[in-house]
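Asker: Residue numbers (our numbering), protein chains in the order written: chain W, 1 to 71; chain C, 1 to 566.
Since the hints were made in silico from the structure, they are not lab data.
Remember, predicted model here, so these are calculated numbers, not experimental data.
A virtual CB, placed ideally from N, CA and C, is assigned to each residue, including glycine.
Warning: the hint list may mix true and false statements.
[What the hints assert, rightly or not] Here's a subset of chain W near chain C, in silico, CB distances under 8 Å, partners left out:
(1) R8
(2) R11
(3) R15
(4) H18
(5) M57
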Amino acid sequence: MIAAFNVRDGRILARLIHLAHRFGCVYTRAEALQRDGSFRVRIHLDGPSEALARLRMQIDKLAREDKENNP
Amino acid sequence: MIAERAERAQRTGARVVLDAIWAEGVEVIFGYPGGAIMPLYDALFGHRLRHVLVRHEAAAVFAAGGYARASGKVGVCVATSGPGATNFVTGILDAMMDSIPLVAITGQVSTALMGTDGFQEADITAITHAITKRNLVVRNARELLPALRTAFRLARGPRPGPVLLDLPTDVLKTIVPEHSAPIRSLDSRTLPRASPAAVTATVELIRSARQPVAIIGGGVRAADASAVYRRFCERVRLPHTATINGLGAADPQDEHFLGMLGMHGWKAANLAVAQADLILAFGMRFDDRVTGPPNRFAPGAQIVHADIDSSEFGKIVRADVCLHGDLRETLRELVAALDGQRIPTFDDWCERVRALGGPLPRDRSQSGRLSATDAIGELFERLAPDAIVATDVGQHQMWAAQRARPAHPRNFLTSAGLGTMGFGLPAAIGAAFVPGGRPVVAIVGDGGFQMSLAELATIRRYDLPVKIVLIDNRNLGMVRQWQQLFYDARYSATNLSDNPEFCEIAHAYGIRAESVGVPEDLAGALKRLIAHPSAMLLHCACYPEENVWPIVPAGQAMHEMMEAER
């Protein structure tokens with residue numbers, strides 16, 4: 001699974017890496033490019049499909065909350 | 001007016017923080033001072049915001065959590081950098097697990113020292129990143145006000161939780177010019193609403209169900225949806241149950257309310273869920289203590305899951321219909337959609353569910369010794385309906401949750417998700433600062449009480465009329481019970497037979513105390529406890545072998561309960 005999203009708080013990438021580890025997934029590539037005060041995050045994840053689905057929901061939540069809190 | 005404006009123009013960062021907290025409707029904060037946070041404590045001197053000095057930072061965060069749980073307001077706690085901040089960690093996670101609105105404020109070494117391993121420096125934002133909704137180091141005094149406002153907004157919701165602000169000492173000392181630019185209102189965000197299609201689908205599932213059961217969780221409390229949930233139950237007369245965090249949301253007098261669900265839930269509740277063909281889950285997250293193995297949870301049921309947090313959908317149990325939205329609004333729409341519809345009465349099903357239950361199972365005769373379940377049961381019979389009860393964690397917590405019939409979801413405070421020993425006494429302290437004068441009772445065990453008993457000094461200092469019911473079975477009882485049942489009675493590190501004289505400890509803090517050790521003395525002791533106008537400890541010396549029944553062994557489905565002989 002490849003997740004790509006924009007966030008203002010770049011620490012979310014670190015949080016995501018920890019979450020992937022906790023859910024029994026691995027990341028094979030992670031990058032965050034800063035531009036105009038926000039980060040374009042792209043992370044390649046691998047793992048059991050159920051865990052990836054849960055991870056996807058957490059990614060969506062983190063990205064959504066970041067957007068709401070950093071308008 | 002002119003003087004006030006001049007004062008505002010000369011505010012330090014610390015003063016900005018306190019004024020912002022006050023402006024958020026918070027009247028009391030809980031904390032413990034130290035080096036890096038001293039500018040804030042200096043600004044507190046003479047400020048109208050009330051500060052409660054506890055005796056350990058962990059108590060500050062639990063007290064703030066108790067205040068938030070009992071009031072619905074945001075709880076605020078303050079500690080210094082380093083060890084003060086790290087002592088917050090457990091309480092912050094506790095708030096995260098139970099979705100409690102909390103703003104934790106920590107001092108930090110000055111910005112110039114950050115990253116140098118300065119004295120009492122801890123990277124608390126890194127430490128708490130996984131257990132807060134958000135955290136932030138505020139490096140510029142001009143950012144304080146927006147950061148505070150964002151923190152409060154985030155803590156409140158949509159799903160409440162903890163936010164941590166780390167404030168370097170130099171930022172707190174900085175003079176902050178009065179804000180000329182208006183801060184954009186952050187409270188106008190609209191909450192998500194369940195889709196009409198999902199509401200319609202839910203109505204159809206209710207209409208076609210034969211054996212529906214509703215389960216409510218802490219989300220009902222968080223959404224202030226108790227009243228509309230009760231209306232829903234008047235409209236759809238179905239059996240319903242609650243997770244431990246959902247206790248109080250349902251009408252305790254409702255004949256169809258089955259009591260608590262889960263590992264130590266009421267038999268009828270667990271069996272009804274196992275046999276249901278429709279589960280309506282409102283504001284609950286399918287904790288493993290409630291579901292058992294997810295693939296064996298309500299195997300014949302379709303599941304409707306209503307929650308404000310879409311990441312909960314399908315996390316543990318798959319849902320057939322997801323109602324993503326503010327729970328109060330969702331329930332209102334559901335009630336409105338049911339209006340004029342023909343809804344089955346489910347009378348036969350309710351009757352069968354009632355027959356599944358019966359009284360809570362008990363241990364065999366205790367041979368004249370005091371039983372913890374008798375003590376807790378009789379306490380609840382004597383308490384005023386509006387009393388706030390805070391529990392610690394362990395056997396007494398489950399006995400209390402089984403027997404409590406709180407009339408309001410903010411009347412029963414317990415560390416549910418994290419199960420934090422040492423929570424109960426400081427949480428009761430926090431609840432005692434909620435206006436309204438409701439009686440506050442802490443039910444604690446001998447293990448957890450000893451993790452928090454320094455807070456007797458806080459109770460004494462503020463003359464809080466907190467009643468403490470100490471269930472002393474001279475054991476870490478829940479662990480002992482599991483060792484008895486599942487570890488071949490190998491009692492490793494659970495014996496507390498060398499407990500101190502608890503009444504003498506209370507007396508040393510200036511708190512009245514009484515001990516009861518035989519059943520015939522219980523009623524009188526409880527009567528005196530409740531009637532006493534100030535704080536009092538009732539030490540219940542209970543027999544140690546009493547277990548919590550029923551119990552669902554780990555890995556078993558919820559209907560596979562172990563019961564004691566009646």
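Asker: For the hint on R11 of chain W, does the least C-beta distance to chain C fall short of 8 Å?
Answerer: holds (6 Å)
Asker: Hint check: is the beta carbon of H18 of chain W less than 8 Å from a beta carbon of chain C?
Answerer: It holds, given that the least Cβ distance between H18 of chain W and chain C is near 6 Å, below 8 Å.
Asker: Hint validation: R8 of chain W versus chain C, beta carbon distance must be below 8 Å. Holds or violated?
Answerer: violated (11 Å)
Asker: Would you check whether M57 of chain W satisfies its interface hint, that is, whether its CB is within less than 8 Å of any CB in chain C?
Answerer: holds (4 Å)
Asker: Is the shortest C-beta separation between R15 of chain W and chain C less than 8 Å?
Answerer: holds (6 Å)
In summary, the one numbered hint that this structure violates is 1.
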